[in-house]
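Number of protein chains: 2
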Amino acid sequence: MTTRFDFTLQATDGAARTGIIDTPRGQIRTPAFMPVGTAATVKAMLPDSVAATGADILLGNTYHLMLRPGAERVARMGGLHRFMNWQKPILTDSGGFQVMSLAGLRKLTEEGVTFSSHVDGSKHFLSPETSMQIQKLLGSDIVMCFDECPALPATEEAVAASMRLSMRWAQRSRDAFGDRPGHALFGIMQGGVTRELREESAEALQAIGFDGYAVGGLAVGEGQEAMFGVLDYAPGFLPVDRPRYLMGVGKPDDIVGAVQRGIDMMDCVLPSRSGRTGQAWTPRGQVNIKNARHQDDPRPLDEDCTCPCCRGYSRAYLHHVFRAKEMISGMLLTWHNLHYYQQLMAGLRDAIAAGRLDAFVAEFHARRAEGDIEPV
Amino acid sequence: MTTRFDFTLQATDGAARTGIIDTPRGQIRTPAFMPVGTAATVKAMLPDSVAATGADILLGNTYHLMLRPGAERVARMGGLHRFMNWQKPILTDSGGFQVMSLAGLRKLTEEGVTFSSHVDGSKHFLSPETSMQIQKLLGSDIVMCFDECPALPATEEAVAASMRLSMRWAQRSRDAFGDRPGHALFGIMQGGVTRELREESAEALQAIGFDGYAVGGLAVGEGQEAMFGVLDYAPGFLPVDRPRYLMGVGKPDDIVGAVQRGIDMMDCVLPSRSGRTGQAWTPRGQVNIKNARHQDDPRPLDEDCTCPCCRGYSRAYLHHVFRAKEMISGMLLTWHNLHYYQQLMAGLRDAIAAGRLDAFVAEFHARRAEGDIEPV
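Residue numbers (UniProt numbering), protein chains in the order written: chain A, 1 to 376; chain B, 1 to 376.
Everything labelled a hint here was simulated from the structure, so no lab data went into it.
Hints should not be assumed to be uniformly reliable.
Some but not every residue of chain B turned toward chain A, in silico, with C-beta under 10 Å [to be verified]:
(1) Gly54
(2) Arg82
(3) Phe83
(4) Asn85
(5) Leu152
(6) Thr155
(7) Glu157
(8) Asp296
(9) Ala324
DSS-like cross-link-like pairs, simulated, lysine-lysine; straight-line CA separation at most 25 Å [as the list claims (entries may be wrong)]:
(10) B:Lys123 / A:Lys290
(11) B:Lys325 / A:Lys325
(12) B:Lys136 / B:Lys88
(13) B:Lys325 / A:Lys123
(14) A:Lys136 / A:Lys123
(15) A:Lys107 / A:Lys123
(16) B:Lys107 / A:Lys325
(17) B:Lys290 / A:Lys123
(18) A:Lys88 / A:Lys123
(19) B:Lys88 / A:Lys290
(20) B:Lys290 / A:Lys325
Bear in mind the structure is a predicted one, so any value in this text is a computation, not a measurement.
For glycine and all other residues, C-beta sits at the position ideal for the given N, C-alpha and C.
Let the sequences and hints guide you as you build the complete structure.
Shown next as C-alpha cells:
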C-alpha cells in the first residue's frame, strides 16, 4: 500500500473521468460517492455495512465533531477512524459551510468566525488555523481548506468579496496544514455562478497548490440548471491531474450530470436522510414507502437490486415497519439507498472506462422516465 | 431435518435441565432465551444479527401483529418468517396478556375479550378460537394457548377464578388448534403464588395434553423472591419430558435462578429495550453508558466480550453516540445485550451438561458482586 496521497487518471469519456485516488488507508475509485458520517456515524448503518455497499471513503463533519465529542477527545481515542471503527479513508469538511448554516450568533471577520454551538450554546472560534488543527486531531485523510460562501442568490459584489476572503483563507490553510505525508489538503473554488470569478478563484488556488480541488458554493439553492451551467466550465479551470470534488451533491440525476461534466468526487446526506424518512431511490426514481399502495405488495423495492433490503424484504414489510416507527425501517432503506448510489457510481465508472457514457446516461434517464411500477 | 416438534432432554443438574427442541425450522438448544420481535422486528437489529448472537428462536406478539400489519396480511405475504426474513423457529404469544395490559376499553367474558386497538382505536375480539386462527395465519412454530391472568397482588379467589377460566380456554385452544404436524401448542399454567392452584392448573393442562407447558402469571410485579418461591415447586408439577417455558423473564439473575429451578425457555424485552435506553448488561452487572465517567474511557463495555460492539467500539464512542441520539447507539447496545444473554444461556447449558451448575452460578454472582470496573 502506498504511503502517500496520489491520483491516477485511468480513462476519460468526453469531460467525464475515471481514476484511482491512492491513500495509505486504501484506494478510492472515482467518480466516488462519499456517504456522510456527520457525528462519527453514518446514521442507521454499521461501518461494515457502509463498506459492504461499496463505499471507499466517507465524510465527517468538522463542525459537529468539534462540538461533540470534541476533536481533542477523538484524538485521545486514537483518531476518528479508530473512534468510529472505519479503517478506510475519511474526508473532513472544514466546518466553514456548516458554521454559517447551523451555528447561532455568528460573527465573521478577516480572522475567522466566532459562533455559539447549536448543541449547548458554548462559544467557539473557527479560522483556517483552528480548522487545520481540528482536522489534524481528527486524523482525516483528506482535509478541506477553511472557506466561506454566501447563500445564493447574492450580489456579484458579495460573491466576489467572499471568494477573495476564501482565497486568503486558502493560503492560510495551506500554511497551517504544513507537511503531512499521506494526508491531502484540498482547495475550494468559489465564485458563485459568475464565470470570471470561478476562473479567478481557480487560478488563485493553483498558485497556492493543492492535492485536489473542490467546487464549492453550489448545491446551495441555485437549482440544477444553474449548477450544471457552472459545471459546464468550472472543472476546466482546474488541473487535469488532480481530483475534483463537488461538495454536497446530490440527487442521482445531479450526480450523473456532474460526472458528465468532469467531477470525480461527491458527498450528500440525501441517501441516508431519505432512508430515515421512508424515501427509497431506485433506477425508476423515488419510492415513498409510506404510501398505502405498498401495504400488500410482495415485491422488493427494486427487483434487480442485490442489497440486503431488496433480497430479504417486501414493500409490504417495509411499509409496515415504517408505519410502526421501527428502527429497522431506517436501517434497511438507508442500506438500500447507499447501495443504489454506489451501484450508480460503479456503473458510471465502468461506462467511462468503456467509452459508453452517453449510452449509460440515456439508459439512466429512460428508466427514471418509466417511473416506479404500480402493483398489479 | 425433522418434520415434527420434539423435545429431547440431554442432561440434568439438580432441578436444572439441558436439551434440544427439534422443529422443522431448526433446533432450539435449551435452556433457551428468546429475543422479542414484537412488531415483526427485534428492535434495532437485523435478523442475521439476531441469529449471530446465538438465538435459535424468537418471539412474536400476536396482539401487536393482529392490529398492525394484520394477521391476514402477514399470511398473504407468506407468513411471519418470510415477512420478517427470519427462517428459524418463532413462538407467538396468544395476545391474552398484552390485550389486558395495552389495549383500551377491555371487556372480558367467558367467550373472550373485546377491546379497542391502542394503534387506531378500532374494535377487536380475541378468544381461544380467534387467537388460534391468528397464530395459524402468522405461521408460528410454537403457539400459545389463549389465557388470562390478573395482575398481582390479587385475592386468592380472583386468582382461582381467573385460572379456572384460563383452563377452560386451554381446552378450547386445544380444540381449535387441531392437528398441525410440525407445529406445537403450549398450555399455560396459572394460579398466582398459591401452590394448590398451581397444582390444580398443571393437572388440568396435562389432562388436556400439550406439546409444552408455560409457567404464566409471573414477572407481573410479584418480585424475584415470590417468583422463585413459585418456581421452587411449580416446574415439578409439569411432565419431565416436555419443555417448560417461563414467560416474560427476565434480568440475568432471574434467568439463572429460573434455570436452576428447571425452566427450559424464557423471553424478555429487557436486553433490547435496555439497549435503546443506554443500558448495557455485562458479567459485572449493568453499565449506564450515558454516565459521564465513560466519556474518555477507551475500553469496551466488556473486555472479554466478542460481540461487534465490544470488538469495535470504546465506551467513549458509545457514550458519544448515545448523547448524540444516533441510531447506532441502540443498534450496538442491543447487539451487545442480546449477545451477552445468549452467552449466558450457552454457559448455563454447558454447565448443566458438565454437572457443574453450582460452580457456574457461584462465579456468575461473584462477578456481578465485583461490579463494573471504574476507569483508572
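> Under the criterion that the straight-line Cα-Cα distance not exceed 25 Å, is the pair Lys136 of chain A, Lys123 of chain A satisfied?
Replying inline: holds, 21 Å
> Is Lys107 of chain A close enough to Lys123 of chain A, meaning Cα to Cα at most 25 Å?
Replying inline: holds, 11 Å
> Would the hint on Gly54 of chain B stand, with a C-beta cut-off of 10 Å toward chain A?
Replying inline: violated, 18 Å
> Should the hint that Ala324 of chain B touches chain A count as held when the rule is a Cβ pair under 10 Å?
Replying inline: At 5 Å from the nearest chain A Cβ, Ala324 of chain B passes the 10 Å test, so the hint holds.
>> Against the 25 Å threshold, does the CA-CA distance of Lys325 of chain B and Lys123 of chain A hold or violate the hint?
In response: The given pair, whose Cα atoms are some 22 Å apart, holds under the 25 Å limit.
> Does Asp296 of chain B pass the interface hint, meaning its C-beta sits closer than 10 Å to a C-beta of chain A?
Replying inline: Result: holds, 6 Å to nearest chain A Cβ.
>> Does the closest beta carbon of chain A sit nearer than 10 Å to the beta carbon of Leu152 of chain B?
In response: Violated: closest Cβ of chain A sits about 30 Å from Leu152 of chain B, beyond 10 Å.
>> Please check whether Glu157 of chain B passes as an interface residue: C-beta within 10 Å of a C-beta belonging to chain A.
In response: violated, 40 Å
> Quick one, are Lys290 of chain B and Lys123 of chain A close enough, alpha carbons at most 25 Å?
Replying inline: holds, 24 Å
> Within a Cα-Cα threshold of 25 Å, do Lys107 of chain B and Lys325 of chain A meet the stated pairing?
Replying inline: Violated, at roughly 29 Å.
> Once the shortest beta carbon distance from Thr155 of chain B to chain A is found, is it less than 10 Å?
Replying inline: Violated: closest Cβ of chain A sits about 38 Å from Thr155 of chain B, beyond 10 Å.
> Quick one, are Lys88 of chain B and Lys290 of chain A close enough, alpha carbons at most 25 Å?
Replying inline: violated, 28 Å
The structure does not agree with the numbered hints 1, 5, 6, 7, 16, 18, 19 stated previously, though it agrees with the rest.
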